[in-house]
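Protein sequence lines correspond, in order, to chains A and B. Here the first sequence is numbered in the working numbering, starting from 1 and rising by one per residue. Here the second sequence is numbered in the working numbering, starting from 1 and rising by one per residue.
Hints may contain errors.
[Said to hold, decoys possible] Listed below are several chain A residues computed to face chain B (Cβ distance under 7 angstroms; list not exhaustive):
{"no.": "1", "residue": "Pro58"}
{"no.": "2", "residue": "Thr109"}
{"no.": "3", "residue": "Val119"}
{"no.": "4", "residue": "Arg120"}
{"no.": "5", "residue": "Phe124"}
{"no.": "6", "residue": "Gly191"}
{"no.": "7", "residue": "Pro238"}
{"no.": "8", "residue": "Arg245"}
{"no.": "9", "residue": "Ala302"}
Derived by calculation from the structure, the hints in this document are not laboratory data. What you are looking at is a predicted structure, and each value in this text was computed from that prediction instead of being measured. Glycine is no exception: its CB is placed at the ideal position from the N, C-alpha and C atoms.
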Amino acid sequence: MTERAQTGQRCLRKAQGGPQLFSMDLLLDAVVSGVLLGCFYAAVSLGLSVSFGLLDVPHVAHPAFLVLASYGVFFLNDSFDIDPLLAGLLITPLLFLFGLAAYRLYYETFEKRGSDAGVRGIAFFFGIAFIIEVLIIMQFGVDQRSVTTSYSGKAWQIGEMRIPLRMLVAFAVASAMTILLTLYLSRTFMGRAIRAVAQDQEALRLMGANPVWIKQWAFGIATAVLGIAGALLIIVAPVDPILDRAYIGRTFCVVVMAGLGSMTGTLIAAVILGVAESIVLTLFGASWAPAISFAMLLGVLAVRPQGLFGRRS
Amino acid sequence: MSRSSIRFWIGATLFLVAAALMTQVVRNEYPFFAGYVILQFIVLAVAWSILGGYAGYVNFGTSAFFGVGVYTAVFLFKATGAPLVVQIAAAAIVGALLGFAVGLVTLRMQGIYFSIATIAMTIIIETTVTNWRYVGGAAGIQLQRPPVMPPFDTYVQMLFFVQALLVVLAIATARYMQISWMGRGLQALKDDELAAECTGVPTLRLKVLACVISGALMCAAGAPAAMYLQYADPSSAFNLNYSVSVLAMSLIGGTAHWIGPVLGAILLGTTQQLLTVTISSEVNVLVLGMMLVLFVVGAPEGLIGLFRRLGRIRTGGKA
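So that you can see chain B by itself, here it is in the shape it has in the complex (with noise of 0.2 angstroms):
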């Protein structure tokens, strides 16, 4: 093991003690409830940058993902009280299924078509589960939750924690994806595909690769969603702003590196928290777009192209 493995594993165990800890410390209910969402979207920036960032393939489907993950939990807890690790497991396989679906339907697309057509995707899903009745049609499903295992005492910190684990497990995919052949085989493809085909980088099995794990991480973010809202309906699970937040969340990061996601979804993720309590929700989509054009226009590398190019100045301009 490597040097930075070795640290990186510290680093994580070290969040995992401390997102512990805290579930047994603090008494109030708050901070897990707003902390769920930010590690939510952690794990969501982090799975979309495996396929948009280090591919290039821009993915507006996380909602899609994000909405099948909650209802293979709804389904599943609906028809056999399955429990919530069963529910996260499902939903990643039913995620790697639908990013290879997905992988195969778009092989030919690039660029903004890819991206439409993952939209389109969205809706289709979203359509055929308004039309699902089982699962409670376009009114939406209430959930009722199980008794909460020791040694949580709520079940809201369960989830928190289970969300922590799930941030780990993403950040370490997306860093062993990014330093491996893998990362540089899409990495040459996203620069350019035609070359990276030549030179006999599997790009079509690669490309189909990103998709299935990129969807598996973001479907199993989902799943504990609906037991978090004890609610499930198909307009607010497949609601278009988780795709933009989490492709803006990257975007602001830097998709170079798996700590730009990171970034980005605390940095935009606690802002949203922030305006959506102290002011409205629609104030929050306004800064949401805002800061997607500001950053898109005004710094393209991210946080992590800012970054480096201040340690540059700093450095005399030779680093």
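Isolated chain A, as found in the complex (with noise of 0.2 angstroms):
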């Protein structure tokens, strides 16, 4: 038990001098992999952020897409020997068409029927995450699958740090995807259109656009930014296909952290939760870090509905 020896060297670490424990190079370390850590935690809930934050669907089904994209990178890279991350935007257009029959389903079956959308939309999309979860099982089996690359084993030396390289990749990625996405939606027609859907349905409708179309496009590229997402989770560590269970409440403990639809704050939160996941590991141990997530969210939840950097609703 890994988990066993881990909780046995601590003891022994605290036997040899407790004050050691907080050494300022161990925290130091646990906070740059956890801010490294964080910035990927954003790139896996920007599509959440668009997709629930803006267009408030109750989309719990958003991390098994999340690991659906990540066995389809897998698949590239081992049939074919694709580098992941070019695997991702290969399978980017699938993706997005994806999202926007999905949202169609959704919408046809609920927001168009009105009330009580939310409580069988939670239903929903469970059902759907279930769904997915049960094929990847049939195609690929319960083993954890990961992918090879160039950078896969190497790491940077600073110092007494050790940064591996994977982690800088997932680093400069996903500030680039979150870069990209808030250029997107503030300085693009169909950006400012996304996000005038989300302030005033209404106000759209009576200018003469369909707000459903634009939804429909909101939610196909909140699911194909989850291609290079995938690619980055697979690259980090490896999947297995009931992986989307603990991102749920990484994906949503950072998209409400953040307030609705915020894509700087959706950064923020993520990196503030990263350095928080990786503090509570060096400290305690691995076995409490699928806690740390749900516990800021539930806090968040109870004190402060509206995230850090909220709209107001």
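Since each chain comes alone in its own frame, lean on the hints to assemble the complex.
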């Protein structure tokens, strides 16, 4: 049991003199890897920030879509030896179409009929998530899958600190994604339309635009960015079919903490989560890690439901 | 007592007598193994619908309550060797307290936020139990069943009968809540919380009360599972599958009436038992997901709604 071994080590370290446990080196290490981890979390949460944050779709299947994209990347990498990031780009158009279809189905069955959409909408997306999980298991089995790249095992050595190159790749790509999506939402016509539909659907309709089509487009974008995000997911760590359950907490924590629909907020919230997870990991061990995102999420929901940078509704 | 109440209690008594007779007559163990699981899901689904159906708060924390019930029993059994009745009663009390806590924390939350908060609570409790060495931690814990009490021949038969008792208790509670002022209050709360509050419905108190009762029943349903499996581990006791199964059962049956979750649990529970035995547990989850999506999309009111629509067609659209 690795977990038990870790606890043993911790006790040993405590016995050798408590204060060493909180040394500055260790803390700095935790913070740096937390920031990198946080940027990666931002990358996997951006889509949800659009679909749930801007469009108010209770999209609990978002992490399942993410894992599905990862398996797509794995398939391309495994059978054609394509670099995972390139593979992520290749499946992006497919995901976009998939997103368009998913939103159309959701709209026809729930939003169009009006009331009670929230309650059954969540159940609907949970059902979808379960179906995706099982389809992945039937196709790829329950084992963990990973990809190997030229930068997989390498690391940067800065003084005492050792930064894995794959985390740096995730960091760079995630930052680029956030910037691009922010620019898209603020500078392009369609991006502004998406933000407008989030603010006032009725006004948009009066101006002659079709809010449903804009929302469908936005949901397509939200699903399309999962191509690269899924590639990052499988670059950073191996994936398994039910990994999405852990990411429900992380992605929703980030999006809710960010305040719905804010892209910069998403990045900041993700970094806060990453650092918190990393510090808890260093101090208390890996077995407590799954609870961090959910505890923060619960805290934010109970104390400040509009998020740290949120719009008040 | 009204006529429908008399009919209900006669039915409940007949059901219990049948269950008791079955433990005396049937020699094969398998019906009890399978039946126990279905009865357990009936309790969970009926308990879920008290909060999820009447009040419209979609609780994804069924597995949290279930797991807490399991681990209350495990803890008591390991610490004091308490008998089954004590385990179940203690689990109900812990469940009521947990439900109260959930009610308080989520006072201001609605819709999907409430659902996400209950998922969050599940994972937090699961992680805590995983790190709790006394009850076995992540590796789980083996339990040795105590000798069975007469008149039952085997322990599983006894658990089957106990779960049947819990079914009657759960349905009676749900039924009482549905036909009393509480049911009407919860219904009003579901339709429009603000309007309900304005017309004098004590929405907060009702909501917390629904959380408490629903939580107590779910934990009580989970307590015997420790002895049923003779084993407990956090990742299966707190498995999200319980939450989604129970949600699916309630929605498939329909949540407007207590019979809905019962029908849904019998239908889906039986299907799951058959699929798990004959094909595989993966297909089982696939069918669960598909039925959930199908019913949510195609039959929003569940089986109850379908039956009502059928009845309306038969009576010429007048009823």
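Subject >> Hint check against the structure, violated hint numbers in rising order >> reply: 6 and 7
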